[in-house]
Amino acid sequence: MDANGSPSGPIRHGADTVNDEGPLAQTACGTVRGRHRRGVQLFAGIPYAEPPVGDRRFAPPTPHDSWDGTRDALRFGKAAPQLPGEGLTNRVLLAWDEDCLTLNVVTPAADDA
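Quick note: the sequence shown uses the working numbering, first residue 1, plus one each step.
Please keep in mind that the hints were generated in silico from the structure rather than gathered at the bench. Ideal Cβ placement from N, Cα and C applies to all residues, glycine included. Any given hint could turn out to be false.
As the list claims (entries may be wrong) - Beta-carbon label-pair distances, calculated as ranges:
1. Q82 <-> G39: 28 to 36 Å
2. E21 <-> P60: 35 to 43 Å
3. G39 <-> P84: 31 to 39 Å
4. R38 <-> K78: 22 to 30 Å
5. L83 <-> C29: 25 to 33 Å
6. Q82 <-> A59: 18 to 26 Å
7. D72 <-> P51: 17 to 25 Å
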């Protein structure tokens, strides 16, 4: 903690490290910041299209608007809504939302050399 009682250094959650030093990647929409996790770089929940709602429902995906600055890509996107089924899908609790058009990208961790 620093003198103001705020955490100093990276925020830790299990084996994950999230801070301003996370890996950066450039997408067609803008820059995203991921995290290092178990020897890989993870960029999670990157939007690639606008949510398929209203006039966009049942239509081809509309590219996502670009953003300024750096967008955190630290959490997986939500799953598409679906009817309950048999087996595993009925037992796993997922966050569902129509805003589900996201990508997760995992790459080997880059060498610092």
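Results for each hint:
1. Q82 <-> G39: 28 to 36 Å: Holds, since Q82 and G39 (Cβ atoms, about 33 Å apart) stay within the stated range.
2. E21 <-> P60: 35 to 43 Å: About 38 Å separates the Cβ atoms of E21 and P60, which means 35 to 43 Å holds.
3. G39 <-> P84: 31 to 39 Å: holds (36 Å)
4. R38 <-> K78: 22 to 30 Å: holds (23 Å)
5. L83 <-> C29: 25 to 33 Å: holds (31 Å)
6. Q82 <-> A59: 18 to 26 Å: holds (19 Å)
7. D72 <-> P51: 17 to 25 Å: Roughly 19 Å apart at Cβ, these two residues keep to the hinted range, so it holds.
Comparing the model with each earlier hint shows no violations; every hint is respected.
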